[in-house]
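**Q** What the sequence shown shows, in my numbering, is residues -13 to 295, in sequence order.
Don't read these hints as lab results, they were simulated from the structure. C-beta: ideal position from N, C-alpha, C; glycine also.
Between beta-carbon pairs, the in silico distance windows are:
1) Leu199 with Gly160: 31 to 37 Å
2) Thr56 with Glu8: 21 to 27 Å
3) Pro(-2) with Ala68: 19 to 25 Å
4) Leu16 with Asp293: 49 to 55 Å
5) Tyr45 with Glu81: 52 to 58 Å
6) Leu(-4) with Leu30: 21 to 27 Å
7) His291 with Thr96: 22 to 28 Å
8) Ala68 with Pro40: 31 to 37 Å
9) Leu42 with Asp293: 50 to 56 Å
10) Gly143 with Arg35: 31 to 37 Å
11) Thr96 with Arg290: 30 to 36 Å
12) Lys245 with Asp195: 27 to 33 Å
13) His98 with Arg55: 22 to 28 Å
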Amino acid sequence: MQIVREGRYLRPLLRVRRAEIEEYARQRGLCYREDPSNRDWRFLRNRVRGELLPLLKSYNSNITEVLNRTAALLKAEDDLLAALAQEALDTVICERCNDKVALDSNRLLTYHIAIQRRVLRAVLQGLAAAEGPFDFARIEQVRDWIEADDKRLRVLGAGLKGQGCGTRYILRRGQRPPVACCFEIPGVLVLREHGVKICVQIVSPEHFDKSQLGGARVALDADRLGAQVQVRSLRPGDRFQPLGMEGHKKLSDFLIDAKWPKISRDEVLVLARGEEIAWVAPLRSSHAFRIQSTTRRIALCTLRHWDGD
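Please take these sequences and the hints and turn them into a complete structure.
**A** Here is the structure:
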């Protein structure tokens, strides 16, 4: 128990003995009230005070001083471990948003096991704050999965899931809601439920820099794309022609081949013209909307993290 906890719970008399408080009040003629529940032996804390401590004093008359000294030592060491765990947390987190934390598994495992456990406890409790603290068994289970490089989707309870993906371990809370909306291009679409925004700019081929492209930033033929596009979640049976491929492919098979983890499937978004998929964000664009020598206008599409700004 701490004298100050979470910056608002104060226990200024925590280290003061009951007899000292009573003597202080007696000398100054102060009246005080006693909570009647303090005499109720159904409560464990009262049995500790009334039965256990007197028994311990029969073995060591200075047991109160010993316990206070031990508590002070443990508090100092706990503060040190908390600071080290926070430093480790800052280095092992690859990605963080309201409902998701991705950890660098290899880096996490370089730390002492005590720090690993504290890092995981902080992450789990941060994602599922309303569910209260996670016990040792749950934390150790997650640590074992990370150590074993387990790639299976795991249900952790308290609305959380976990899964290894490459060198990362992803922890997620809940399910992201499906989306389906249209917007005019050029323009910006903010998806608050997903914590992302999609930006579409129109540029000429002369001002196009191919080196800037990647899965989360693609270039499409703007005239082929049209003036209005749809952004939506994945649907069963979705198919598209990945850039560089001749034939079409089921989107579910494409995600498996891309080693996209199941835990993050609901994060994948589709940008489409009607029923035709132009971009699977943040993975790959469609071959049908590729830039060609005849392209007159380029739609530069970018998926960015959105934190409310």
